[in-house]
Amino acid sequence: MAAQIFSAIFVIIIGVGGCVAYFWGANKLLDVIFPSRGVSGTAAVDNLRRQGLVRPWLFVGPAMIILTIYLIYPVIETLRLSFLDRGGASFVGLANYEWAFGDHDFRNSILNNVLWLAVVPAACTFLGLIIAVLTDKIWWGTIAKSLIFLPLAISFVGASVIWKFIYEYRGEGQVQIGLLNAIIQFFGGQPQVWISLPFWNNFFLMVILIWIQTGFAMVILSSALRGIPEETLEAAVIDGANPFQIFWKIMVPQIWGTIAVVWTTITILVLKVFDIVLTMTNGQWNSQVLANLMFDWMFRGGGDFGRGATIAIIIMIAVIPIMVWNIRQANKETGGH
Amino acid sequence: MTAKTGKSFASRFGVHIAVLVFVAIWTIPTLGILVSSLRDKDQIIASGWWNSFASSSQTEAGRLPAASAQTQKDGKYVIEGNIFGDGAKREISAFGVKSAAPTQYPAGTAADLGDGVSLQVNADGTFVLSSPKAFEGERGQRVYFASSAPPKFTTDNYRTVLFSEGIGRSFMNSLTVTIPSTVIPILIAAFAAYALAWMRFPGRALLIAVIIGLLVVPLQMSLIPLLKLYNGVGSFFGVPSKTYLGIWLAHTGFGLPFAIYLLRSYIAGLPREIMESARIDGASDFEIFVKIVLPLSFPVLASFAIFQFLWVWNDLLVAMVFLGTEADQIVLTAKLNALLGSRGGDWEILTTSAFVTIIVPLIVFFSLQRYFVRGLLAGSVKGG
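Protein sequences, first through last, are from chains F and V.
Under my numbering, the first residue of the first sequence carries the number 1, and numbering increases by one thereafter.
Under my numbering, the first residue of the second sequence carries the number 1, and numbering increases by one thereafter.
No wet-lab data here; the hints were simulated from the structure.
From the three backbone atoms N, C-alpha and C, an ideal C-beta is built for every residue, glycine too.
There could be a bad hint or two in this list.
Calculated pairs, SDA-like style, for lysine to any residue (alpha carbon to alpha carbon, straight line, at most 20 Å) [to be verified]:
(1) V:Lys-76 to V:Leu-113
(2) V:Lys-291 to V:Thr-160
(3) V:Lys-242 to F:Gly-15
(4) F:Lys-332 to V:Ala-268
(5) V:Lys-291 to F:Tyr-22
(6) F:Lys-137 to V:Ser-11
(7) V:Lys-291 to F:Lys-137
(8) F:Lys-137 to V:Lys-76
Sample of chain V residues facing chain F (criterion: CB under 8 Å; computed from the structure) [stated by the list, open to error]:
(9) Ala-197
(10) Val-216
(11) Leu-226
(12) Ile-288
(13) Leu-310
(14) Asn-314
(15) Leu-317
(16) Leu-336
(17) Asp-346
(18) Trp-347
(19) Phe-365
(20) Ser-367
(21) Leu-368
(22) Gln-369
To spell it out: a stretch of chain F is covered by chain V in this simulated footprint if at least three of its residues, at any positions, have a beta carbon under 8 Å from a beta carbon of chain V; those stretches are [unchecked claim]:
(23) 85-94
(24) 103-114
(25) 210-223
(26) 275-283
(27) 322-331
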């Protein structure tokens, strides 16, 4: 273990040192090849121009190489693999896609993903908005926000253990150590094995993600709410609007853009939800989702890369509209420069 | 600002109550595992953690010694002893001799069992059974009693998971993965971000668009090709395909789009005058970057560092694909997932391990929340 610590420290030094050496060395080399000092005026101007042509690429080069290897090449390769068989050796056309839409697990995953998409972003945004508005009005709002924000720092696996403990089931009449069943039994209800109730278990898994992400929605929306001009609210109060009207007709329309950003961010997260399903049910009891199904196929029986890649492509297709919208927004902001 | 709309006492009171309810729902789950991780493992299964500060009470049944244990005292036949034998001492609150009424008599009182037989059970478990006639038979008197144990808190669970369950080792593995994966992308992204913000070169706009597009590319798209690539490189050079170096680079790659996006928008917002006056003074781009841009960008670098740290520390998927599951490589999240399978019902192990995995993010989060929120606000298009 000590060796591991030393090797980690060693690698950090090598890695960081290597990066620094590259940037510094490349820059130095450029100055040597195209000297701008100590040469005649026109040569210096020429060399400065040449430096200006090369230097940006030295700066963005490492990032471009890594992005190409780790993101751009894989996207193309995954698309290619989705048309190949399990070992990636022979072309099978659309067979993987045909398999997918006929497969019970896959259809179940699609349905569950749609369910997640319908519930989680809406619930997070709505709860986040409500909490942001309420905490704005009280003196201990900052503390409250910190505490609600806190689950965002917890890993999905950690959160799954936390909630599995809440859903823990003991037979009827026994002492319930899971909070949910204890409450149910206290009010005279039947304790349930929550995570294996088909269909409804999806919602018990969604609760975990909502619990984690509401803090995110709350923080973003809270800062947007602060940006609302005071005059609009005052005018509404003078006109005799009640708090609900102020909320729905004055505040919400003004932060519509931020709501959209929060919604899409959580939507992307939901499409990739994996850890929660893996640790809570591993897709049993009809709770499978695409990301977990893909992981399953990557390693099942030595791995079926064709089918795994196909499932990844399906997830990607769902993300593309958001991607296009993001790029358009960014272009608009920078004015295309 | 909106306080004016909630003038009445009732509505202000309602707001406090509502926020209190939300805070309770959002903190109680975490509190549950913290409290449980500190409880004695026998008590975790005997009562809910919300009862952990109360004594855990239970009703038990026991049998007194048979007639052979009797002695004669003051003309009476007496059987004496302690109901717990040599076992753990608990406090008895009441006892009885019928299963229908297990707590008929308070502890310390003498119960009349008929025929002049009396039984007294004291709170500490000692009992006296006396009778004017000799006891007979092989089987002793059946006794029911309600006992309670005082709340018991311990750090034994932490000792167990850290040193015998392998969580301590996984903790080190997580650090080994996380720190380089956080540091390496910062430098690479900072140079790229500066170039994209302040240097003119053909293809810049396209590059920015590509990076924004890559922000939302699902990680799933990269897994299979990279797994194949790593396996290929591994077998070509005869080295293991699952290495720390591999996962550092993978996390660097997956973190770069967000890093460049976040840093670029910040660096582009730095005042132009500073850069230009430095350029007039003869500073090169490299000098401007190192001496002016980097120090000024500290807040955004900190924001990204926190994000990346939390992301890598909490990641399960990348670790499961690119690292092995042996003790020398398994990270905390993967270890916790494995424990959920192998120690499914041992809540003292699971709650304690879970708390160990979340403690570092919680510390980072609380001490650096300001930077974290700033990064969140600046980069909320991130898909990750």
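Okay, the hints, checked on the actual structure:
For a cut-off of 20 Å, the pair hint linking Lys-76 of chain V to Leu-113 of chain V stands: about 15 Å separates their Cα positions. For the given pair, Lys-291 of chain V sits about 50 Å from Thr-160 of chain V by alpha-carbon distance, which is inconsistent with the 20 Å threshold. For a cut-off of 20 Å, the pair hint linking Lys-242 of chain V to Gly-15 of chain F stands: about 18 Å separates their Cα positions. This hinted pair checks out: Lys-332 of chain F and Ala-268 of chain V have alpha carbons roughly 16 Å apart, not beyond 20 Å.
A C-alpha spacing of about 17 Å is found between Lys-291 of chain V and Tyr-22 of chain F, which places the hinted pair at or below 20 Å, so the restraint holds. Taking the CA atoms of Lys-137 of chain F and Ser-11 of chain V, the gap is about 11 Å. The hint holds against a cut of 20 Å. At roughly 44 Å between alpha-carbon atoms, Lys-291 of chain V and Lys-137 of chain F are farther apart than 20 Å, so this suggested pair is violated. A distance of roughly 76 Å separates the Cα atoms of Lys-137 of chain F and Lys-76 of chain V; the hinted pair therefore is violated under the 20 Å criterion.
At a threshold of 8 Å, the smallest CB-CB gap from Ala-197 of chain V to chain F is about 10 Å, leaving the interface hint violated. A distance limit of 8 Å between C-beta atoms decides the matter here; for Val-216 of chain V the minimum to chain F is near 5 Å, and the interface restraint holds. Annotation: Leu-226 of chain V was flagged as interfacial toward chain F, and the flag holds, the nearest CB pair being 6 Å apart, inside 8 Å. Taken as an interface hint, Ile-288 of chain V does not check out: its beta carbon lies about 11 Å from the nearest beta carbon of chain F, beyond 8 Å.
The beta carbon of Leu-310 of chain V comes within 6 Å of a beta carbon in chain F, closer than 8 Å, and the hint placing it at the interface holds. Interface restraint check: Asn-314 of chain V against chain F, minimum CB-CB distance 3 Å, threshold 8 Å, status holds. Because the smallest distance between the Cβ of Leu-317 of chain V and any Cβ of chain F comes to about 5 Å, under 8 Å, the interface hint for this residue holds. Contact between Leu-336 of chain V and chain F, as hinted, is supported at the beta carbon level, the nearest pair being about 5 Å apart and thus within 8 Å.
For Asp-346 of chain V, the shortest C-beta to C-beta distance to chain F is roughly 12 Å, which exceeds 8 Å, and the interface hint is violated. Of the supplied interface hints, the one on Trp-347 of chain V holds, with its beta-carbon coming within about 6 Å of a beta-carbon of chain F, less than 8 Å. Satisfaction of the interface hint for Phe-365 of chain V is found here, the shortest Cβ-Cβ separation to chain F being roughly 4 Å, below the 8 Å cut-off. For Ser-367 of chain V, the interface hint is violated, since its Cβ never comes within 8 Å of a Cβ in chain F; the closest pair sits about 11 Å apart.
With 8 Å as the threshold, the beta carbon of Leu-368 of chain V stays out of range of chain F, its nearest partner Cβ sitting at about 10 Å, so the hint is violated. About 7 Å separates the beta-carbon of Gln-369 of chain V from the nearest beta-carbon of chain F, less than 8 Å, and the hint is met. Only when three residues or more bring their CB closer than 8 Å to a CB of chain V does the claim for the segment 85-94 of chain F stand; here the count is 1, and the claim is violated. Under a criterion of three residues with beta carbons nearer than 8 Å to beta carbons of chain V, the stated coverage of the segment 103-114 of chain F fails, only 0 such residues being counted.
For a cut-off of 8 Å, the count of residues in the segment 210-223 of chain F with a CB near a CB of chain V stands at 7, and the three-residue condition holds. With a cut-off of 8 Å between beta carbons, the segment 275-283 of chain F has 3 residues touching chain V; three or more are needed, and the interface restraint holds. By the rule of at least three residues with a Cβ nearer than 8 Å to a Cβ of chain V, the coverage given for the segment 322-331 of chain F holds, with 7 such residues.
Checked against the numbered hints given earlier, this structure breaks hints 2, 7, 8, 9, 12, 17, 20, 21, 23 and 24; the rest are met.
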